[in-house]
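*Asks:* Chains as they are written, first to last, in this note's numbering: chain A, 248 to 386; chain B, 60 to 276; chain C, 320 to 670.
It is worth saying that the hints were derived from the structure and are not from the lab. Check the hints yourself; a few may be wrong.
Stated by the list, open to error - In silico SDA-like cross-links for lysine to any residue, where the CA-CA straight-line distance does not exceed 20 angstroms:
1. C:K434 with C:E465
2. C:K425 with C:E465
3. C:K543 with A:S289
4. C:K567 with B:F149
5. C:K489 with B:P69
6. C:K468 with C:N431
7. A:K288 with C:K567
8. B:K159 with C:F627
9. B:K159 with C:K543
10. C:K367 with A:D360
11. C:K543 with B:D97
12. B:K253 with B:A88
13. C:K640 with B:N160
14. C:K567 with B:S165
15. C:K489 with B:F65
16. C:K367 with A:E353
17. C:K664 with B:F65
18. C:K598 with A:E353
19. C:K468 with C:H422
20. B:K159 with C:D407
To be verified - Quick look at which bits of chain C chain B covers, simulated, 3 or more residues with Cβ under 8 angstroms:
21. 334-347
22. 473-481
23. 652-662
As the list claims (entries may be wrong) - For the chain C half of the interface with chain B, some residues (derived, Cβ under 10 angstroms), not all of them:
24. Y451
25. T453
26. C579
27. T590
We treat Cβ as the ideally placed atom computed from N, Cα and C, and that holds for glycine.
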Amino acid sequence: MNSVSPMTGEATPLALAVLSEIATALARLAETGEETTIDLKSLPLSPDDLARLGELLGEGEVRCDLEVAGRSEVRETGFSGVWWIRHLGLGDEVALEEIAITFVPEILHAHPDDVARAARRLAEAVTAPLADEEETPRG
Amino acid sequence: MDLLDFARGPAINVAMAVLVFGVLWRLFALLFLGKPVDRTIPRLGTPGPFWAGLREIGRRMLPHPTFATAERFAFFNGWVFHVGLAIVVFGFRPHILFIKNLTGLSWPALPSGVIYAVGAITALSLIAALVKRITSPVQRFISTFDDYFTWVVTIAPVLTGLAAVGHVGARYETLLAIHILSIAVLLIWLPFGKLFHAFLVFLSRGQTGAFLARRGV
Amino acid sequence: MAEFATLGERLAEHGISRRAFVKYASYLGSLMALAPEVSRSMAAELAKARRQSVIWLSFQECTGCTESITRSYSPTLEDLIFDFISLDYHETLMAASGEGIEHARKEAMAANKGKYIVAVDGSIPLKDGGIYSTSAGQSNLAILEETCKDAFAVISIGTCAAFGGIPKAKPNPTGAVSVADIIKDKPIINIPGCPPIPEAMTGTIAYLLAFGKVPELDHLGRPKAFFGDNIHDRCYRRPFYERGQFAKSFDDEGARAGWCLYEVGCKGPVTYNACATTKWNGGVSFPIQSGHGCLGCSEPDFWDKGGFYVPLSGSVGPTAKLVGGAAIAGAVAGLAAAAVARHRKSSLNKG
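In isolation and in its complexed conformation, chain A is listed as follows (with noise of 0.2 angstroms):
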């Protein structure tokens, strides 16, 4: 059986190969909690075998913009655990594409330091706007 690319109508096996490593991941995630990261972009795939690739995987509940050091996206495949990463670089090209076979991708998680600091942040921000009220009467 042969994929066939939606573009040009060309063969594109190479999406096929990357679907069923895939599905090994899945399934060995759904075992054993084991993650695995499939780096797109080290493999030698062409736009059509993307383009396939994204159609077999087909569209998910999940969809995440991120502002972290220029603009990424996360978003989840119409399988679960199976979650497509695009980080964009210089110029909005894509500078990392992969795939994620994990329950939550680690650049969702906050960080516990940044938890940690954002609760000192918040507890000053709480108090603060009272002590600005006193010192500043509204007008």
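Start from chain A and add chains B and C according to the hints.
*Replies:* For chains B and C alone, kept in the frame of chain A given last:
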């Protein structure tokens, strides 16, 4: 200067100079030797020397029916590696480019995948020829250093070429340099050993044919 | 606080979360083909690391390497590295500061003794006492030796620093040599290229920063992560090579169809660099994609390999003259041998 620079530069240039020198030296020495005057009367009903020579060349492409069974292996195997070598040498694009770079002559190449397959078959065929040579008592008896050394310099470019395209054993530039150096050795040896049959095979068969026809054999 | 804070704290000050480290580490992990768990620990290690002091020395060079590493626009993934390093001295960028910056170099060397990284671009002239390139009254050789004495590691940026490059090309009028020809007692990482790929420079620095050690190098001192594969093996035009489809000139049908550039002299098969995968300008393109063969600029002595447009399998040098001479000599020798044989035969017949 690294190994590849040496191979592409001085080594291959000197080897080609030695090849051309050696080939012309031997061919001129042979062709201008002159024939002794033959005072015998040619047999009637035999073709002239040219046609007789041509007939002999054609006839020797196949083994004599008497020896067909005995010579089956040598015949088929011989054809396999000779044709294989020709395909690899003249059908691979980088080889054609080498020749084009020297002479300006160029022709269409075969797909690289075909060349790799033919190269592998050629190498196996050459190995089979060596095994036959060693295991056959008669052949071993008549084999000299020339035969074995000629075998080595012939198979070396095939094996190093396959290693280079397959990236086996070392980095590509090193393998390519070794491949070119192995060809340099082949070119240098060609005029002086049994490889010179490349130039003499048809001349000598034709000459024999012409000679024997006159005598009516 | 700023100078002693960890990188994680520093970036948090600017409102950048730890996600940036996750993103940067997976980006580098992809570039350097690191295992996912390695790039994950890289994110944690980078956040814990301190800002790395870097002293940048410019010798016989064209500033193309500096152009390459600074050729990015904020705020992007690629230039996070500039938050990770403290560029304490850069001769070209800081030239306007004059004598003061020489003190800055000495201060940075004293404050970070044994820990700072020296980045060098350009080769070092040795001929005539090294007078062909000097700055602040010192020869390049003297500055290099003085600065590297207490360094943690030296990074040779660009082919000139790594292998001598264009200043060392024949006839090498200034007696140019590479950094490795002079510095023998420090780890040296070569990031060659003319210029090098910016990601190869920043990735190597980030790796040093995160793991405190030199990445795995090949026999020419280049990080295998970026220089492990030759261009040809990773080239998107490789299928045309296998099928025997080649551009014969730069404007023929094959060139237009994007066929393999082997015949027009591409040195991809013997050139190790990340151009075919990482590409340039944030992954936009690379020389072969723009239609020109690889010049082999990340290899030693690439300028003197016998011609950018001679196919790799072609011989280089005075082949025609040599073979022509040999042909004449061979013919003469053959005729002489035949004449001698004839003479001997006829004298035998007579006698």
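*Asks:* Work down the list of hints and note, for each, if the structure agrees.
*Replies:* Verification of the hints:
no. : hint               : in the structure
1   : C:K434 with C:E465 : holds (15 angstroms)
2   : C:K425 with C:E465 : holds (10 angstroms)
3   : C:K543 with A:S289 : holds (15 angstroms)
4   : C:K567 with B:F149 : holds (18 angstroms)
5   : C:K489 with B:P69  : holds (17 angstroms)
6   : C:K468 with C:N431 : holds (12 angstroms)
7   : A:K288 with C:K567 : violated (31 angstroms)
8   : B:K159 with C:F627 : holds (17 angstroms)
9   : B:K159 with C:K543 : violated (36 angstroms)
10  : C:K367 with A:D360 : holds (11 angstroms)
11  : C:K543 with B:D97  : violated (74 angstroms)
12  : B:K253 with B:A88  : holds (17 angstroms)
13  : C:K640 with B:N160 : holds (14 angstroms)
14  : C:K567 with B:S165 : holds (11 angstroms)
15  : C:K489 with B:F65  : holds (16 angstroms)
16  : C:K367 with A:E353 : holds (18 angstroms)
17  : C:K664 with B:F65  : violated (45 angstroms)
18  : C:K598 with A:E353 : violated (27 angstroms)
19  : C:K468 with C:H422 : holds (17 angstroms)
20  : B:K159 with C:D407 : violated (55 angstroms)
21  : 334-347            : violated (count 0)
22  : 473-481            : violated (count 0)
23  : 652-662            : holds (count 8)
24  : Y451               : violated (24 angstroms)
25  : T453               : violated (31 angstroms)
26  : C579               : holds (9 angstroms)
27  : T590               : holds (9 angstroms)
Of the numbered hints stated above, those contradicted by the structure are hints 7, 9, 11, 17, 18, 20, 21, 22, 24, 25, listed in ascending order.
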